[in-house]
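2 protein chains.
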Amino acid sequence: MVSATTIDGVKLKPIHDLVDARGTLQHMVRADDPEFFSGFGEIYFSSSNPGIVKGWHRQSMQTNLLSCIQGRLRLVLFDDREGSATRGAVQVVEFGDGHRTLVRVPPGVVYGWKNDTQQTALLANCTDRPHDPASAEKIDLASGRIPYVW
Amino acid sequence: MVSATTIDGVKLKPIHDLVDARGTLQHMVRADDPEFFSGFGEIYFSSSNPGIVKGWHRQSMQTNLLSCIQGRLRLVLFDDREGSATRGAVQVVEFGDGHRTLVRVPPGVVYGWKNDTQQTALLANCTDRPHDPASAEKIDLASGRIPYVW
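From first to last, the protein sequence lines stand for chains A and B. Okay, so the first sequence: first residue is 25 according to the working numbering, each after it adds one. Okay, so the second sequence: first residue is 25 according to the working numbering, each after it adds one.
Watch out, some of these pointers could steer you wrong.
[As the list claims (entries may be wrong)] Now the in silico label distances, taken between C-beta atoms and shown as ranges:
1) Y172/B <-> P154/A: 34 to 44 Å
2) G75/B <-> G107/A: 50 to 60 Å
3) T29/B <-> L49/A: 36 to 46 Å
4) G63/A <-> A158/B: 20 to 30 Å
5) L36/B <-> P154/A: 20 to 30 Å
6) G107/A <-> Y172/B: 52 to 62 Å
Since the hints were made in silico from the structure, they are not lab data. Backbone N, C-alpha and C define an ideal beta-carbon position, used for all residues, glycine too.
Can you build the whole structure from these sequences, using the hints too?
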């Protein structure tokens, strides 16, 4: 499920799990996908306990490819980029089990995610640059700087 | 836990989960790791139900980077490469929760994995080439061609 608003540069693609008696197979991204793949920096996984919000994150240089690979999460994106056609927009994507979705988050877009369920959820982030603390920003959830109430 | 045998070209690296009240953070691989990273082809996830064996797989060109990112799995590797210094060797790696490990499986090495637990386990594979069916081989578990009894 996605909100009506689409932030400029944010892209979504459904992922179809292949399920059989042994388990599942789910793809995330391939290097020969020109629309989503812009280089490989690193891949890491972040789990969220029930009720937890993680965020707000912003990287000035890095593109993030996100998929909720286990459980379900509510991903919230906020566009505060100067000069962006969609500046001020908030976009919400619910993804994970049952609606697996690859989400491309371009540089400069603020993002956070909440686990609204009773099960631990697991987010995969495939970035196009290795994490660089100098160009990464953490905006306190309690700061009120982002116009979204969790 | 690993067997005493190490197949030529197989590499292992411990991954240390960062745990806090919100959940965990686990890395897998970065592009600036010269020992493990040899290019990005694709990233996908394969889950195994309790008791399930998946395999045997072999790709002639592709290097696989494997991490059990949820639950625990028994990974078995078999070296049938002509000219290999460790031809005939079987290597067993148990990895996942509690002993997160990145495993590099070089081209030509046969591999399979079993979920010995009562919980579903999730394997991540970060390959250095997009999957190419022409250079990928599936060896039937029941064929008896691989000298390992699950």
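The hints, checked one at a time:
no.: 1; hint: Y172/B <-> P154/A: 34 to 44 Å; in the structure: holds (37 Å)
no.: 2; hint: G75/B <-> G107/A: 50 to 60 Å; in the structure: holds (56 Å)
no.: 3; hint: T29/B <-> L49/A: 36 to 46 Å; in the structure: violated (29 Å)
no.: 4; hint: G63/A <-> A158/B: 20 to 30 Å; in the structure: holds (26 Å)
no.: 5; hint: L36/B <-> P154/A: 20 to 30 Å; in the structure: holds (21 Å)
no.: 6; hint: G107/A <-> Y172/B: 52 to 62 Å; in the structure: holds (59 Å)
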